[in-house]
Amino acid sequence: MQVKVFVTPRMGILDPQGRAVESSLQSLGFKNVSGVKVGKYILLEVEARTASEARDEAKKMCEALLANPVIEDYRFEVDGE
Amino acid sequence: MQVKVFVTPRMGILDPQGRAVESSLQSLGFKNVSGVKVGKYILLEVEARTASEARDEAKKMCEALLANPVIEDYRFEVDGE
Amino acid sequence: MKWGVVRFPGSLDDGDALYAIAEVMGQDARILWHKDESLGGVECILLPGGFSYGDYLRTGAIARFSPIMKSVAKFAADGGLVIGICNGFQILCEAHLIPGALTRNRSLSFICERVWIRVENASTPFTRATKRGDLLRLPIKHGEGLYVAPEDELRQMEERGQVILRYVDADGRESDAANPNGSMRAIAGVANQRFNVFGLMPHPEHAVEAMLGGVDGLKIFQSIAGSAR
Amino acid sequence: MSERPVSLPGEPKVDLEQARAHGLAPDEYRKIEQIIGRTPTYTELGVFSVMWSEHCSYKSSRRHLRKLPSKSELVVQGPGENAGAIDVGDGWAAVFKIESHNHPSFVEPYQGAATGVGGILRDIFTMGARPVASMNSLKFGSFEHPRTRYLLGGVVGGIGGYGNCVGVPTVAGEVMFDAAYNANILVNAFCLGLVRKGEMMSAKARGPGNPVLYVGSATGRDGIHGASMASAEFDKQSEAKRPAVQVGDPFTEKLLIEACLEAGKTGAIVAIQDMGAAGLTSSSSEMAAHGGLGIELDLDKVPLREAGLTPYEILLSESQERMLIVAERGREAELKTVFDKWDLHAVVIGHVTEDKRWRMRWRGQIVADIPIGALADDAPVYDRPAAEPKAQPQTKISITEKPGTAKALRALLDSPNIASKKWVYRQYDSIVQSNTVLGPGSDAAVLRIKNSRRAIALKVDSNPRACALDPYLGAVGTVCEAARNVACAGARPVGITNCLNYGNPERPEVMWQFVRGVEGLRDASIAFGAPVVSGNVSFYNETEGHPIPPTPTIAVLGVMIDVSKHVTQFFKNAGDAIAIVRTATPSLAASEYAAIFGIDGGRLGAIDLAREAALIEGLVEGAEQGLIRSAHDVAEGGLAVALAEACFNPRAILGAEVELGRAGNAAAVDFFGEGASTVVLSIAERDAARVESLFAGRGLEFAVIGRVIADPRLKISGTLDEGIAELQRIYEDAIPRRLRGSD
Ligand SMILES: Nc1ncnc2c1ncn2[C@@H]1O[C@H](COP(=O)(O)OP(=O)(O)O)[C@@H](O)[C@H]1O
Ligand SMILES: [Mg+2]
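Heads up: the sequence lines are chains A, B, C and D, in that order.
The opening residue of the first sequence carries number -10 in my numbering; numbering runs sequentially from there.
The opening residue of the second sequence carries number -10 in my numbering; numbering runs sequentially from there.
The opening residue of the third sequence carries number -8 in my numbering; numbering runs sequentially from there.
The opening residue of the fourth sequence carries number 200 in my numbering; numbering runs sequentially from there.
The following block holds chain A by itself, in its conformation from the complex:
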């Protein structure tokens, strides 16, 4: 089952990359862009019988390794849900 994990910088945490992308976009002429945030997109295949089993695994992986709660939020999607 495919799992997609989205990791984003936490509210209130500096996101220099997001800021840099935003200002580059603006200087490229995309003036109507704001609130840019840059995070991570992690794709994984989990062998699981049910979506809920895959979800449990995904949650554990996020908490153990994929996101750092001090600076990041995460959410995930299990394919086919």
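Rather than coming from a laboratory, the hints here were simulated on the basis of the structure.
Hints are supplied without guarantee of correctness; some may be wrong.
When the alpha-carbon atoms are kept at most 27 Å apart in a straight line, the in silico BS3-like pairs for lysine-lysine are as follows [as the list claims (entries may be wrong)]:
hint, chain 1, residue 1, chain 2, residue 2
1, D, LYS649, D, LYS464
2, C, LYS26, B, LYS20
3, D, LYS464, D, LYS258
4, B, LYS20, A, LYS26
5, A, LYS49, C, LYS61
6, D, LYS266, D, LYS464
7, B, LYS26, D, LYS500
8, D, LYS649, C, LYS61
Interface residues of chain D toward chain C, partial, derived using beta-carbon atoms under 7 Å [what the hints assert, rightly or not]:
hint, residue
9, GLY359
10, CYS364
11, GLY366
12, PHE450
13, LYS453
14, LEU454
15, ARG625
16, GLN626
17, ASP628
18, VAL631
19, SER633
20, VAL636
Glycine residues also receive a C-beta, built at the ideal position from the N, C-alpha and C atoms.
Keeping the supplied structure of chain A fixed, place chains B, C and D with the ligands upon it in accordance with the hints.
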């Protein structure tokens, strides 16, 4: 309108990050994980009247800056679609 | 004092730290392999700079799970002295042995240069050979050294004296220009609440010989050596 | 015993047309048929096409490169192995080489530059040497060109990203911006390693029956483009899957360095070679050919990154971070233990044979079976026609008014070619390994050798503007400059490596530039007694018929007997005398001043190599005797710029007061002229006479022109009086300002 951009390493391109995450997950006991890929997740607000206008902008931004077509693929979603 | 320098795959300044402690200071130091769990009876553990596991995903995130880190955590819980330099600092944060996290430099690029550091707390095992307010000239070299922690936690850390080192200018003053990576409150080094675990971005092991640009880093190692239990 | 090699079902038919599509000339294809006595299989065709390419075979350059001197008492290894080696004393040999990664860096600057660093590192540790220092020479288009910033950011990011992560300090380099490189940037990467003199490893296979081990990363479809253009019909699907660029993994490289050096200590390695261009094909065939033996590989055993690679792809893949090892029979397990420790693949994929054939098996069939010599030794060698172009190189016509000296100096310090490159080298770890006595920012880098009093000095230089005016004199001058930079630091030049970047060699003018460049390099190398021990040629740097200016990039290795005697470029004490020593008279030819102000700088002056060598000798002796407080080579921007730079001491900003020519009478050429091999020295007042005799005694022009002053101002001949802080601000901000994009 919120736009979400997903950037992933192109097929066939070496993804050392993905590999490192995969082997780390496995040594943490997540033996049922495979095919890990690590990409970018970019969130942005686009001021646009219609979703299709936002889509056009998003596509241009991806091609101009957000993804590197030589080594990355991208897709995006416009919120509320 | 007996020192152990941990070698993770991708450690780079491990040899330099060993050289500084063993060759320059003449102390007993050895390499500890990341796959081992034994600490070989050392009295201080040094987690060196580098790019452990390529620093893929997040700096220090994967190294934290090395077998030896279990022993390091236990050693720290027992009050043993642990110092993490650069990547070592990042690993300590990921391992929750030190509060906060290190993220990409404000400039988004790697920075290698000598900077001024002010000692904020000289009554720790890592700084006892200095005085509060002393300025140290130390090199930094990192891409992800921007220190962050929640505001309320920072406030408490300041009150407890856990902020040990800060980036300043040559006159000892804080300023935006003197903060090379954009760290919150210009923080360059912090300790845990018990003051036995210390993480810093600057590299004291690269400031131990005059010929190579300065000796201020020795003060950190001398402090630790003088803190032997 | 001859099972006949076969093409695989679905592979395109091999004929003259297919050969042409693979970049082989009709004559070359006929020669292949003749050598192997039949039509090659598709795999074999692919293999020949890369092995006989210019890049691998040096077919246009080989006969000229033979002219280069490669011997001296200190040469431990000349050209022929992965890198050259020079004895630097106390039992150490320095192994070094420079290589280009121009085209990949233009396509994908970050990964192109990164993999360039990775490749040159492998050339060094393949020799059993621990890499201890890197340098790079970069040429970009003009700063105003729309792609330049992107390329600059990517290339510098890639060099740092890779170099920093493997723990090898980047200690020196050079960067130039010129419209001539708008469509062809140059990225030349240098690496130097140290090895105990008796412990060097070789790439010569020995011992039939010895196993061949594949170590490092798994093989993917990276970088098969050279041949892939031909295979569109073969499999459109696989074509789409073939990435055009290689992605580097510096973490794996770091493990590979440690593992290979550790494996070398076991004594179980007979030969080792990195998989560079043409990957498994060139490494396996070259190792066997150098040993006068054959090799047989079972391609099914090659670790793959993804399923479904064909033998053609496996053999031509340029996946990074891979090595091939010939082990002593029976000791494979010892080696595997080492690679296991570092979590790297180590798989036996074949063995050395006696029959001098290069035989590849795949799924029970033979897909290639070629006499070993055919791939390397029998590759074509061309004597391409060379002809001096009829038209004189274009010189510019004066279009601007002559600027005042102060204005000109400011404009020069603001030129990205002269300005501080700190924005670049700040992104490089220049201190890891604890040997960097002098990193980027002075004339040459100085590295101590641990447990020895000795040190080495390094610098890389090039001067395409001079080479465009005169490819011979330009090359001579480039070697002189790099050698002089090293001597300014107090080191004696002992060895040279070079990367010869030129246009299309099939054009007689380009071939002429190349031949003259090689001759210049040869003559200068002889004059300094510094042999050329390694190098690289990069042809076809041109777009739509516009070649780059001839750009031989020269790196010089210097040795210092006593590291404590090293010299920096910065003035040290107020009151010291400032002197210049030079071998010729400056001119504005090929100068930055002429480029900026659009004037005709005229022609290059002759270079007297005996005087150049005397200057180097004087500088080294002066440093050894402790007579020289600072020495700075006058390069782009001439004397005025060099004086300003010497004042930018990071420890203490000082000023200088000097007189040029007859008071008040100095002309632009005195201030800003180049090409005179001039060094600005500062000397304790009491030593001035001794230093004078050091140089005057060698027939060189020496003059005390002023003194270092505490007042931080640069005062020249009463016509220029500028604050150092302001000059330094211009110098340091020129590149950041342009990158910020606010003028
Ligand atoms: N790409 C680079 N990488 C590292 N160091 C560099 C690079 N470019 C320039 N430098 C450093 O900046 C200084 C000035 O370079 P350059 O102008 O080429 O010196 P010179 O004028 O003496 O030839 C030198 O110390 C050089 O090593
Ligand atoms: Mg130069």
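Do the hints match the structure? See the list:
1. With a C-alpha separation of about 20 Å, the suggested pair D/LYS649 and D/LYS464 falls inside the 27 Å cut-off, and the hint holds.
2. Between C/LYS26 and B/LYS20 the CA atoms are separated by roughly 19 Å; this keeps the pair inside 27 Å, and the hint holds.
3. A C-alpha spacing of about 37 Å is found between D/LYS464 and D/LYS258, which places the hinted pair above 27 Å, so the restraint is violated.
4. Under the criterion of a C-alpha separation no larger than 27 Å, the hint pairing B/LYS20 with A/LYS26 is inconsistent with the structure, at around 32 Å.
5. Restraint check for A/LYS49 and C/LYS61: satisfied, since their Cα atoms lie roughly 19 Å apart, inside the 27 Å limit.
6. Restraint check for D/LYS266 and D/LYS464: not satisfied, since their Cα atoms lie roughly 36 Å apart, outside the 27 Å limit.
7. Distance hint between B/LYS26 and D/LYS500 is fulfilled; the C-alpha atoms sit about 26 Å from each other, no more than 27 Å.
8. Taking the CA atoms of D/LYS649 and C/LYS61, the gap is about 35 Å. The hint is violated against a cut of 27 Å.
9. Satisfaction of the interface hint for D/GLY359 is found here, the shortest Cβ-Cβ separation to chain C being roughly 5 Å, below the 7 Å cut-off.
10. Proximity of D/CYS364 to chain C holds as hinted, the smallest CB-CB distance being about 5 Å (cut-off 7 Å).
11. Here the hint on D/GLY366 is kept, as its CB sits about 3 Å from the closest CB of chain C, short of 7 Å.
12. Hint on D/PHE450 holds. Least Cβ distance to chain C is approximately 3 Å, under the 7 Å limit.
13. Here the hint on D/LYS453 is kept, as its CB sits about 6 Å from the closest CB of chain C, short of 7 Å.
14. Hint status for D/LEU454 relative to chain C: holds, with the closest Cβ pair at about 6 Å, below 7 Å.
15. Because the closest C-beta pair between D/ARG625 and chain C is about 6 Å apart, less than 7 Å, the hint holds.
16. Using the Cβ-Cβ criterion of 7 Å, the hint placing D/GLN626 at the interface with chain C is satisfied: the shortest such distance is roughly 5 Å.
17. At about 5 Å, the closest approach between the beta carbon of D/ASP628 and any beta carbon in chain C falls short of 7 Å, and the interface hint on this residue holds.
18. For D/VAL631, the interface hint holds, since its Cβ comes within 7 Å of a Cβ in chain C; the closest pair sits about 6 Å apart.
19. Checking D/SER633 against chain C: minimum C-beta separation of about 5 Å stays under 7 Å; hint holds.
20. At a threshold of 7 Å, the smallest CB-CB gap from D/VAL636 to chain C is about 6 Å, leaving the interface hint in force.
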